[in-house]
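So the chains spell out like this:
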Amino acid sequence: MIQVNEHPYPYHVGMTIADLVEQLKPAADLFIVNGFPVSRECTLGEGDSCWLIRRGEKPTAEEMERLLYARHTPGVHERIRRASVGIMGLGGLGSMVALALARIGVGRLLLADFDVVEPSNLNRQNYFVDQVGLKKTEALKSNLGRVNPYLTVDVIDTVLTEQSIPTYFAEVDVLVECFDSAEMKAVAMRCALTSLKGKAFVGASGLAGYGENNSILTSKIRERVYLVGDRETAARPGEGLMAPRVGIAAHHQANQVLRLLLDVA
Amino acid sequence: MKIICNGKEMAVREGISLEDLIMDLQLNPAMVVAECDNRIVLREEYAQKILSEGAVLELIRFVGGG
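The listed protein sequences derive, respectively, from chains A and B. Everything in the first sequence is counted per this note's numbering, starting at 1 for the first residue and increasing by one. Everything in the second sequence is counted per this note's numbering, starting at 1 for the first residue and increasing by one.
Worth double-checking, as some hints may not be accurate.
To list a few chain B residues with every Cβ distance to chain A over 12 Å, as calculated [stated by the list, open to error]: (1) D24; (2) V33; (3) D37.
The calculated lysine-lysine pairs, modelled on DSBU-like cross-linking and capped at a C-alpha distance of 35 Å, are [as the list claims (entries may be wrong)]: (4) A:K135 x A:K58; (5) B:K49 x A:K197; (6) B:K49 x B:K2; (7) B:K49 x B:K8; (8) A:K25 x A:K135; (9) A:K197 x A:K220; (10) A:K25 x B:K8; (11) B:K8 x A:K197; (12) A:K141 x A:K197; (13) A:K141 x A:K199; (14) A:K25 x A:K58; (15) B:K8 x A:K141; (16) B:K8 x A:K220; (17) A:K220 x A:K135; (18) A:K199 x B:K8; (19) A:K58 x A:K141; (20) A:K58 x B:K49; (21) A:K135 x A:K199; (22) B:K49 x A:K199; (23) A:K135 x A:K197.
To be clear, the hints were calculated from the coordinates, so they are not data collected in a lab. Beta carbons are placed, not taken as given, at the ideal position from N, Cα and C, and that holds for glycine.
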């Protein structure tokens, strides 16, 4: 057997890419075998993994699912696919956490921010020059759709408060705090420990500048409540927010979300 | 009198409020989550919350940036 676009397919000696194209996907114009681009004349071997691609064509929902199941293993991916994650604040942390979770196929993301994309955001946030001036909620939803168009992405375009957070995010499996303001970080943690007690929560504090990589830690605050960061380095003149270190913290957060979803945290 | 703050014994003045203690620690009360004797204290209660001898306090301080 060989694999063609993640489906098993019977192998015979002397089989070429051209044979597969003719039988399975006549419009294909790009051929990958075991991770490398090949020509139409390429002869295949038993066990090869082939992709027949038409340039510019979107994979179907089924193809995307098969890819993710194959890479994550079915048991793991089923849990990711069924998960719902809320992200509060779509700056350097939130936009990157959302990207990581969309790439692994988290089934539903609920994204909240009130702000628009500014040129000064581009040194660290998952937006592009041509998105300056757009609402972050809409710009991010569009970017995530380019990664995986088959996820459910809902947005909340409002200023969150201690009163509204528990209402908006009552249903998510994990809530991620990615605010810029220290006051709102405290508000979110207080919600996690009171009105949303029991909800899995991942916050962040202390990620500005270019301090040591390994000073960014993930600390357990309470059962299923975590805080990422060095807990000290505030954004201030001379110690700005920069893509590398904010990204380290964002990916600590994203991996902690995954660990919570998989019940290993 | 003595209290325990983040696991360490600390001498504070009798009758001090949570708000004043946080300010004495050079922190901004709005950027701190406080738990006193296993109960999370709401932000609007900081000024009225008078700490008693032996109180066990956990303060989580937040800094800006995201």
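Hint-by-hint comparison with the structure:
1. D24: With a cut-off of 12 Å, D24 of chain B remains clear of chain A, as the shortest Cβ separation is near 18 Å.
2. V33: 5 Å, violated
3. D37: The claim stands: D37 of chain B keeps its Cβ more than 12 Å from every Cβ of chain A (closest is about 14 Å).
4. A:K135 x A:K58: 26 Å, holds
5. B:K49 x A:K197: Within the cut-off at roughly 22 Å; holds.
6. B:K49 x B:K2: Within the cut-off at roughly 16 Å; holds.
7. B:K49 x B:K8: 20 Å, holds
8. A:K25 x A:K135: 40 Å, violated
9. A:K197 x A:K220: 15 Å, holds
10. A:K25 x B:K8: Judged against 35 Å, a Cα distance of about 69 Å means the pair is violated.
11. B:K8 x A:K197: 26 Å, holds
12. A:K141 x A:K197: 29 Å, holds
13. A:K141 x A:K199: At roughly 24 Å apart (the allowed maximum being 35 Å), K199 of chain A and K141 of chain A satisfy the hint.
14. A:K25 x A:K58: Holds, because 14 Å separates the two Cα atoms, which is no more than 35 Å.
15. B:K8 x A:K141: 46 Å, violated
16. B:K8 x A:K220: 19 Å, holds
17. A:K220 x A:K135: 33 Å, holds
18. A:K199 x B:K8: Holds, because 29 Å separates the two Cα atoms, which is no more than 35 Å.
19. A:K58 x A:K141: 17 Å, holds
20. A:K58 x B:K49: 59 Å, violated
21. A:K135 x A:K199: 28 Å, holds
22. B:K49 x A:K199: 27 Å, holds
23. A:K135 x A:K197: 31 Å, holds
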